[in-house]
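Enquirer: Based on these hints, arrange chain B on the given structure of chain A.
Below are the chains, spelled out letter by letter.
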Amino acid sequence: SQTIHQWPATLVQPVGSPLSLECTVEGTSNPNLYWYRQAAGRGLQLLFYSVGIGQISSEVPQNLSASRPQDRQFILSSKKLLLSDSGFYLCAWSSGSADEQFFGPGTRLTVL
Amino acid sequence: GQNIDQPTEMTATEGAIVQINCTYQTSGFNGLFWYQQHAGEAPTFLSYNVLDGLEEKGRFSSFLSRSKGYSYLLLKELQMKDSASYLCAVSRRSSARQLTFGSGTQLTVLP
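Line order of the protein sequences matches chains A and B.
Position one of the first sequence corresponds to residue 1 (our numbering), numbered consecutively onward.
Position one of the second sequence corresponds to residue 1001 (our numbering), numbered consecutively onward.
Keep in mind that a hint or two might mislead.
[Said to hold, decoys possible] Rough simulated footprint, nothing fancy, chain B against chain A, three-plus residues with beta-carbon under 8 Å:
1) 10 to 18
2) 51 to 65
3) 99 to 106
Quick caveat, the hints were computed from the structure, so don't treat them as lab data.
For glycine and all other residues, C-beta sits at the position ideal for the given N, C-alpha and C.
Bound conformation, chain A alone:
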């Protein structure tokens, strides 16, 4: 069966510090991968998606970036965090032939 992992689960970082969030998927190959951010009490905003290694598409302009160094690994990064980067970050995957997305447990980021 497929599983998706995210770490860390929670993170508190000062403004201006770098960020690296990691997501890995097990039990499937060549998945579509997604990064979402959810502000408190809000819906999910798609940040990045990837259909293959090294292929990254950005949905919204921001100071975040994403990379996919391996087939089942998706990384969200920032060089300098802003207060507005606080939120709940969710990674998700889907198979290439289906629409349903499966979410990881999420990382709660607080920028102080």
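Expert: Relative to chain A, chain B alone:
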């Protein structure tokens, strides 16, 4: 562009029936999802509608009208554990099958 509207909050009583509506305007519509999200947790899949009509799955049913850009999620025999946020999401016809989410409806089930 994409536009998805759903009520912000709803309240219902244990054992009752509640209907959560979702309207959407989108290009390249492929299908509509409903997800459930408990506070502090990841969303979990409830239903997926591609064709018009009603899909029933236990206590939960979902309806879609593509011509009207309208969907609803129907929850029967409400239980306290159904208190959660319910997210409507539209999938687009694309290689990445991106989802666009509504802001969610916070359902509170009262005893």
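Enquirer: If a hint holds in the structure, say so; if it doesn't, say that too.
Expert: Taking the hints in turn, this is what the structure says about them:
Coverage of the stretch 10 to 18 of chain A by chain B is violated in this model, with 0 residues showing a Cβ closer than 8 Å to a Cβ of that chain against a need of three. Remark: the stretch 51 to 65 of chain A is confirmed as covered by chain B, as 3 of its residues place a Cβ nearer than 8 Å to a Cβ of that chain, reaching the required three. By the rule of at least three residues with a Cβ nearer than 8 Å to a Cβ of chain B, the coverage given for the stretch 99 to 106 of chain A holds, with 8 such residues.
Violation of the numbered hints given earlier is confined to hint 1; every other hint is satisfied by the structure.
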